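Asks: Residue strings, one per chain:
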Amino acid sequence: MGKLPESPFEVRLAATLFLLLMGLANVFGAWQVRNFASFTPSGVAEAFRSEHEGHSMPAAVSEEKPVDPASLNVEQHHTGRELLVQDSHVHIPVYAMAAAFFALILFGLRLSRRTRIVLVFAAFAAPVLDFAGLWGAHLWSESGRLWGAVAVFGGFLMGLVYLILLVLTLKQCWFSRQGEGHA
Amino acid sequence: MRRLLLCAALFGFALTLDAHVTPNVVLVRRGDFVKASLSGATKFFEKTLGAPVIAAVRAETGWTPSGEDAKLYVGREDAGRLVGSVVFLWVPSQHGPLSVGVAFGPDGKILRATVLEVGTEPLVWVRPLLVNGSLGGVEGLALSQAPDPSRIGLLAPGAMSRYYAKVIAEGIARAQSIEKSSLGAAKD
Chain A
1 MGKLPESPFE
11 VRLAATLFLL
21 LMGLANVFGA
31 WQVRNFASFT
41 PSGVAEAFRS
51 EHEGHSMPAA
61 VSEEKPVDPA
71 SLNVEQHHTG
81 RELLVQDSHV
91 HIPVYAMAAA
101 FFALILFGLR
111 LSRRTRIVLV
121 FAAFAAPVLD
131 FAGLWGAHLW
141 SESGRLWGAV
151 AVFGGFLMGL
161 VYLILLVLTL
171 KQCWFSRQGE
181 GHA
Chain B
1 MRRLLLCAAL
11 FGFALTLDAH
21 VTPNVVLVRR
31 GDFVKASLSG
41 ATKFFEKTLG
51 APVIAAVRAE
61 TGWTPSGEDA
71 KLYVGREDAG
81 RLVGSVVFLW
91 VPSQHGPLSV
101 GVAFGPDGKI
111 LRATVLEVGT
121 EPLVWVRPLL
131 VNGSLGGVEG
141 LALSQAPDPS
151 RIGLLAPGAM
161 SRYYAKVIAE
171 GIARAQSIEK
181 SSLGAAKD
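Residue numbers (the numbering used here), protein chains in the order written: chain A, 1 to 183; chain B, 1 to 188.
Just so you know, these hints were derived from the structure itself, not from any lab.
Nothing here was measured: the structure is a model prediction, and the numbers come from that model.
Every residue gets a Cβ at the ideal spot worked out from N, C-alpha and C, and that includes glycine.
Mixed in with the good hints there might be a few duds.
One side of the interface only, derived from the structure: several residues of chain B facing chain A at Cβ under 8 Å [said to hold, decoys possible]:
| id | residue |
| --- | --- |
| 1 | Val34 |
| 2 | Phe44 |
| 3 | Asp78 |
| 4 | Arg81 |
| 5 | Pro92 |
| 6 | His95 |
| 7 | Pro97 |
Think about it this way: if two alpha-carbon atoms lie no more than 16 Å apart in a straight line, the pair counts; the simulated EDC-like pairs of lysine to aspartate or glutamate are [to be verified]:
| id | chain 1 | residue 1 | chain 2 | residue 2 |
| --- | --- | --- | --- | --- |
| 8 | B | Lys47 | A | Glu63 |
| 9 | B | Lys35 | B | Glu46 |
| 10 | B | Lys35 | A | Glu10 |
| 11 | B | Lys47 | A | Glu6 |
| 12 | B | Lys43 | A | Glu142 |
| 13 | B | Lys71 | A | Glu63 |
| 14 | B | Lys47 | A | Glu46 |
| 15 | B | Lys71 | A | Glu10 |
| 16 | B | Lys71 | A | Glu64 |
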């Protein structure tokens, strides 16, 4: 525990480059969210609303109204249940691996035991909150904004853990390695 | 100041993490498909299916169309004569849903069918099934004729392309059921 700052150059390099690359991945992740989801609770609620909810009962008879075919070309990205299932099964394991790698680096930093526990817990709780929010918004659209807020909070929590980890790693591994004792 | 800027940049990184769902690749846009498939039409209408039609589709296929699926796009000439109609629907697969579009003539025969949107992963298996942007082997099928997966993308090799041919055939069968039920309701 806490020996990463005194590790050989290549070990510190690997940990730092991993975190920087994760940062780059986050930039594209944010772009993706902006394109196809939302950073706001109401936007998440709308994007993940179940197609069977939010609609009134089908009319007794079929109805026809004029439409401009060009209006159909406007992309309306909506996440159906099958896509949410598929993405949960892909993203949650990746999230778990990211949290596990974050935890490994955390174990190498000079931190109090309590701080390590809080950060490890936050790293694993964030994806749970994120996907709980997405599924909540999908299953219970009447409280979609609340679930959207849970999802956004989960995403930002993971970002916060990443930020803390990156700052501590850069500081301890490269800028203040000399003369500091272990916590 | 430099530290402040660094902190701001890092915080920007931190705010970027949020779960997103993998978007699909758009092969054909819906409006373009409607106009190209119903080329003689000058007026277009969106037809929302009524409860009896949805019930008939469920009874025939065991599948309930979602709000988005329970729509038809109808093309008519100036005089009001029906040129044809288009059904769009999402079909689930192991690698995420794909969007299928099927255009029907006034007699219910398939004019054209295609895959409009598909995920990045199955794209490599679905693309070989398309010839000039359309699915071969289904054109001219009457409503009573179920699509044969083995005839979709005859030249596409590989088990995964064949799997997707089955998924697509299932989607086309559902579209036929919507069209059949809709035409049946119109006659009643």
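Asks: Look at each hint and say if it fits the structure.
Replies: Here's how the hints hold up against the structure:
Restraint check, B/Val34 versus chain A: the minimum CB separation of about 5 Å is within 8 Å; hint holds. Taking 8 Å as the C-beta cut-off, the interface hint given for B/Phe44 holds, the closest approach to chain A being about 5 Å. Because the smallest distance between the Cβ of B/Asp78 and any Cβ of chain A comes to about 13 Å, over 8 Å, the interface hint for this residue is violated. About 15 Å separates the beta-carbon of B/Arg81 from the nearest beta-carbon of chain A, more than 8 Å, and the hint is not met.
Hint status for B/Pro92 relative to chain A: holds, with the closest Cβ pair at about 4 Å, below 8 Å. With 8 Å as the threshold, the beta carbon of B/His95 comes within range of chain A, its nearest partner Cβ sitting at about 7 Å, so the hint holds. The beta carbon of B/Pro97 is positioned within 8 Å of a beta carbon in chain A (closest approach about 5 Å), and the interface hint is therefore held. Between the alpha carbons of B/Lys47 and A/Glu63 the distance comes to roughly 5 Å, so the proposed pair stays at or under 16 Å and holds.
Using a Cα cut-off of 16 Å, the hinted pair B/Lys35 and B/Glu46 holds, with the two alpha carbons roughly 13 Å apart. For the hint linking B/Lys35 to A/Glu10, the alpha-carbon distance of about 60 Å lies beyond 16 Å, and the restraint is violated. Of the pairs offered as hints, the one joining B/Lys47 and A/Glu6 is violated, with about 69 Å between alpha carbons and a cut-off of 16 Å exceeded. Note on B/Lys43 and A/Glu142: the hinted pairing is violated, with a Cα-Cα distance of about 37 Å set against a maximum of 16 Å.
A hinted pair counts as satisfied when its Cα atoms are at most 16 Å apart, and B/Lys71 with A/Glu63 qualifies at roughly 9 Å. Under the criterion of a C-alpha separation no larger than 16 Å, the hint pairing B/Lys47 with A/Glu46 is inconsistent with the structure, at around 23 Å. Between B/Lys71 and A/Glu10 the alpha-carbon distance is near 60 Å, which puts this suggested pair outside the 16 Å criterion. Among the hinted pairs, B/Lys71 with A/Glu64 is consistent with the structure: their alpha-carbon atoms are about 10 Å apart, no more than 16 Å.
Checked against the numbered hints above, the structure violates hints 3, 4, 10, 11, 12, 14, 15; every other hint is satisfied.
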